[in-house]
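Visitor: Assembling the complex is the task here: the two chains are given apart, and the hints tell you how they should meet.
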Amino acid sequence: GQSLEQPSEVTAVEGAIVQINCTYQTSGFYGLSWYQQHDGGAPTFLSYNGLDGLEETGRFSSFLSRSDSYGYLLLQELQMKDSASYFCAVRDPRDDKIIFGKGTRLHILP
Amino acid sequence: NAGVTQTPKFQVLKTGQSMTLQCAQDMNHEYMSWYRQDPGMGLRLIHYSVGAGITDQGEVPNGYNVSRSTTEDFPLRLLSAAPSQTSVYFCASSLQGAGYGYTFGSGTRLTVV
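Read top to bottom, the protein sequences are chains A and B.
One point on numbering: in this note's numbering, the residue at position 20 of the first sequence is 20, and numbering is uninterrupted.
Position in the second sequence (first residue = 1) + 1000 = this note's numbering.
Wrong hints could be hidden among the right ones.
Here are the computed lysine to aspartate or glutamate pairs in the EDC-like style, where the Cα-Cα straight-line distance is at most 20 Å [said to hold, decoys possible]:
1) A:K97 to B:D1073
2) A:K102 to B:E1059
3) A:K102 to A:D92
4) B:K1009 to A:D39
5) B:K1009 to B:D1026
6) A:K102 to B:D1038
7) B:K1009 to B:D1073
8) A:K97 to A:E5
9) A:K102 to A:E5
10) A:K97 to B:D1056
11) A:K97 to B:E1059
12) A:K81 to A:D39
13) A:K97 to B:E1030
Listed next, with one range per pair, are the computed distances between beta-carbon atoms [what the hints assert, rightly or not]:
14) B:P1061 to A:L109: 39 to 49 Å
15) A:R66 to B:Q1057: 21 to 31 Å
16) B:S1067 to A:L74: 39 to 49 Å
Since the hints were made in silico from the structure, they are not lab data.
Please read all numbers here as calculations on a predicted model, not as lab measurements.
Ideal Cβ positions, reconstructed from N, Cα and C, are used throughout, including at glycine.
Isolated chain B, as found in the complex (with noise of 0.2 Å):
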């Protein structure tokens, strides 16, 4: 089990520029979501999905899209990238219900310049 993949772990875009963050699981996980985490801002929400085909925003989701076509993908896209999505990014994936842990990818370094 490779657990939780995101790609690239570092980027740095332009201005203006869009990219997808990649994030793959291979636990059949059906629940996913992606965090920014910021200094003393800890894990914010952006999106997040309880099963293929379904998404739904979480706390800080403009400027961001996400698709679930299958159980194991959730990309997350930056539309038109802008200095304040400068941040670490992390996609983490769960069994459905309470008391199932989130399981971690290692993240990706984003600097927007």
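Here chain A stands alone, though its shape is the one from the complex (with noise of 0.2 Å):
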């Protein structure tokens, strides 16, 4: 099967940059997404990392290290607006599934 370990928390100072990360255990898998996720809201899909590097969309930024098992999210120039839930998760190319971790809840201090 799949599972993915994030931290629970992370707390960043307004401006700063901070990293979540993201390490998995799967027997084969088609890449490591990223979402976001606001009190009382849903899920918003942020990124997609098929091949190893790094993604950058705007103040984000995704990596993975599929030799590593590992990935991360990268926030620059922290907003309050960004203090939210992230969650990493991946696809089984054996069956499909989608599996996410268990969330890593971004505080951000003014």
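Guide: Printed below as a string of structure tokens:
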């Protein structure tokens, strides 16, 4: 099966940079996705890494290393509105299940 | 485009009652899923479907049934509600293929008393 590990909480200061890590154990996967969820809302898709390396989308970047079974989401120039939970997810090519990590709650201090 | 529409938004059930959570999408997405979200547990996959007529079990399927008679609709049935099924339920859809992200519905907050 698949399992993903993320820190439960991360705290950072407004304007700073924060990295949210995700390690996974799978017997094969298509790539790593990231989602954001604000309190009381639905998750929204942020990014996908199918290949090793860094993908950048504005203030957010995501990184994948298949050899290390590791990825991270990098948020730059933090804003208060970035306070949310962030989830990594993988898709199992054997059965097409999409499994999520338990999420990282990001707290931003003014 | 309405995206993914879930109904109802809130529901209270008594133990033993049955009900259906509705999910419809208008984006012609082949892939649809149901997740439940409980505090500290993240999103856990209940059932999913890779296309009309095809469904499969996820991580926590017990107590739930699904069907996929059309591409657009993917209802989730609770057969005999239990307090352990109190949760927030999300329906999600995507195009088939690894790089496509989910579009989620707004969720259904279910309480079983």
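Visitor: Could you run down the list of hints and mark each one as holding or not?
Guide: Taking the hints in turn, this is what the structure says about them:
| no. | hint | verdict |
| --- | --- | --- |
| 1 | A:K97 to B:D1073 | holds (19 Å) |
| 2 | A:K102 to B:E1059 | holds (14 Å) |
| 3 | A:K102 to A:D92 | holds (17 Å) |
| 4 | B:K1009 to A:D39 | holds (15 Å) |
| 5 | B:K1009 to B:D1026 | holds (19 Å) |
| 6 | A:K102 to B:D1038 | holds (10 Å) |
| 7 | B:K1009 to B:D1073 | holds (17 Å) |
| 8 | A:K97 to A:E5 | holds (17 Å) |
| 9 | A:K102 to A:E5 | holds (7 Å) |
| 10 | A:K97 to B:D1056 | holds (9 Å) |
| 11 | A:K97 to B:E1059 | holds (9 Å) |
| 12 | A:K81 to A:D39 | holds (11 Å) |
| 13 | A:K97 to B:E1030 | holds (14 Å) |
| 14 | B:P1061 to A:L109: 39 to 49 Å | holds (41 Å) |
| 15 | A:R66 to B:Q1057: 21 to 31 Å | holds (28 Å) |
| 16 | B:S1067 to A:L74: 39 to 49 Å | holds (41 Å) |
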